[in-house]
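Chains as they are written, first to last, in the working numbering: chain A, 1033 to 1485; chain Y, 20 to 90.
Please note that the accuracy of each hint is not assured.
Stated by the list, open to error - Between beta-carbon pairs, the in silico distance windows are:
no., chain 1, residue 1, chain 2, residue 2, range
1, Y, 43, A, 1425, 24 to 32 Å
2, A, 1380, Y, 64, 16 to 24 Å
3, Y, 81, A, 1205, 36 to 44 Å
4, Y, 75, A, 1204, 28 to 36 Å
5, Y, 64, A, 1128, 51 to 59 Å
6, A, 1451, Y, 64, 46 to 54 Å
In short, the hints are calculated from the structure, not lab data. All figures in this text were calculated on a predicted structure; none of them were measured in a lab. Ideal Cβ positions, reconstructed from N, Cα and C, are used throughout, including at glycine.
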Amino acid sequence: MKKVLIANRGEIASRVIRTCKRLGIETVAVYSEADAEMPFVKEADHAFLIGPPPIQQSYLKGQEIIEIAIRENVDAIHPGYGILSENATFVEQVQKAGITFIGPDATTIQKMGDKIEARQTMQRASVPVVPGTDEGVSTLEEAKRIAAEIGYPIMLKASAGGGGVGMIRCEDEQALGQQFDSVKNRAKMYFGSDAVFLEKFISNARHIEVQVFGDYHGNIVHLFERNCSVQRRNQKVIEESPSPSLSEEARAQLFEAAVNAAKAVNYKNAGTVEFIVDENEQIYFLEMNTRLQVEHPITEEVTGYDLVEWQIEVARGNELPVIDQQQIELSGHALEFRVYAEDPITFMPSPGEITKLDLGNDDDVRIDNGYAENGKVTPFYDPLISKVIVHAATREEAIEKSKAYLATLNIEGLKTNLPLFSEILNEESFIQGAYTTSIIANWLEAQKGEKVN
Amino acid sequence: MTQLKSSMAGSVFTVNVNVGDNVEVGQVVMVLESMKMEIPVEAEVAGKVTEINANVGDFVNEGDTLVTITE
C-alpha cells in the first residue's frame, strides 16, 4: 500500500494523513468548495475538488471519489468516520474498482448498519440486548401495544439511523403518538428506509463501548473500554478510558460480550461495540459501529497503539500487530473533549469564522485539530472543530491537567462549547466517576433552578 | 404582515406550508438544517401565509426572510 485516498474532511482527514506520512504512504485528499482552505487539503500530497459545499454534492459522491482514486492510482481508500464510512454499497464499488477499502467488509457493515438485524445477530450470539422489538414496527397501534408491554419510557429509533440522529425518547403513549410518524418520515428522508423499532429506555445508565479489532487471519482482540456518557442530544461530548466506577466483573463481561459480538460477524478491521450499563451493572448491547470512532484517540493514549496504523496493517492482509490479548496493556487514564462550534447552553449550531485559534503549546496534550485560524466553520458539516486529548497516570491527574489546559484554549469568532467543559469537570458526579447519560441534562436543570433562586 | 427570518445559516430541509394556508402561533412552517441539526422555524403570529421565499434544498443565510404571514 503506497498511496491512500482519504474520503473525508476536517480533523479525521488530518489524523489519517499523519499516520500515512509516518508510514511513508502517499496521500490524496478530496474536498468541497467550502473546504478549499482547510488544513487537511494542504497536508495531503495531492488534493482534488469534488464539488460544491452540500455534502450530497461533494463528500457523498462515492462514484466520483472512486474515479479520482482510479485516476490517481491509489491502492486504498480510508473513509474516516461518518460520511461514506458505513455505506456498504460504497465499499462494494471500491472493491469492484480493484481498490482496498480500509475498514470491514460490506456484508458486516450492512448487517450492523441495520439496527434490527444487529439486535437479532447479537441475540443469536448470546450477547444481551436492550429489551425491545426484533422486527420493524409499521403502525402506531402496534408501537403502542409493544411499548405498553416493554414499559415507558421507550426509545423510538430508525433502524438505519446512527450518530444520535433518528432516535427520540418517548415518556408516554401520548409522546409516542406525536413522534411516531415524524421519526418514520425523518428515517426515510435521512437514511432511505422508514423502518423503526422500539427499545426500553434504561434510566440512570452509562454508555460504555469497547474497541475491537479483527484481521483476515481469524484474530480478534479488544482494546479496553471507553465511557461516553457525557452526551447532549444523544451525541458524545466528553469521553474517557478506562471507565471510572465499573466493577472488574462488569468490565470482564463487557469485554467478553464485545469479542463475542465481533466473532459473531467474523469482524475485520476497527470496530466498536456500544453498550448501555444500568445502575445494577447489567449490560445491554446497543449497536456496533463498523469504523474508526471519533473518540479513538483515548484508546490510543491508554494502549500506546496507533489505531489507524492497525487499520492499514489489517487492510494490507497482515496479522494484527498484537494478537495475544494478554499482551495488550492499559496505561494511565485519558480524557477527550470535543470542541464544537455551538452554544454551550442551548447547543444550537454556531457556524462562522474562527478569528482566533490559540490551541496553547502544551506538548504533553494531544490536539486533533481540523481548522486553521481565519478558517470558516460552515453550516454544511458537523460542528466539530478540534478534539483535546489528555493522558495522565491517574484519572485525578488527567482531570487536573485537563482543567489547566482547557483554561488556556482560546477560540474566537464563533460560539464554542468550551465553557461547558469546566462546568462538567467541576460536577460532583463527574469527579466521583458516578455520572450517567443524564449528566448534562441534570446540570442544565440545576442551572435553571439556580437562576430561579 | 410578519416576516419570519432565519436565525442562522443553513439549508432548507422541509417546507411545511403553502401560500394561502392559515397558520397558528407556534406552528412549524419550515425546518432548516445546519451542522447536521434540524432547526424548526415557527410562526410567531397567526394568519395567512402570503409568501414563501425558500424551497427545499436552498441555502439561506442568517437574517434571510423565509416566510411572510399576513395577520
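Can you list which hints this structure breaks, lowest number first? Result: hints 1 and 6 break, sorted rising.
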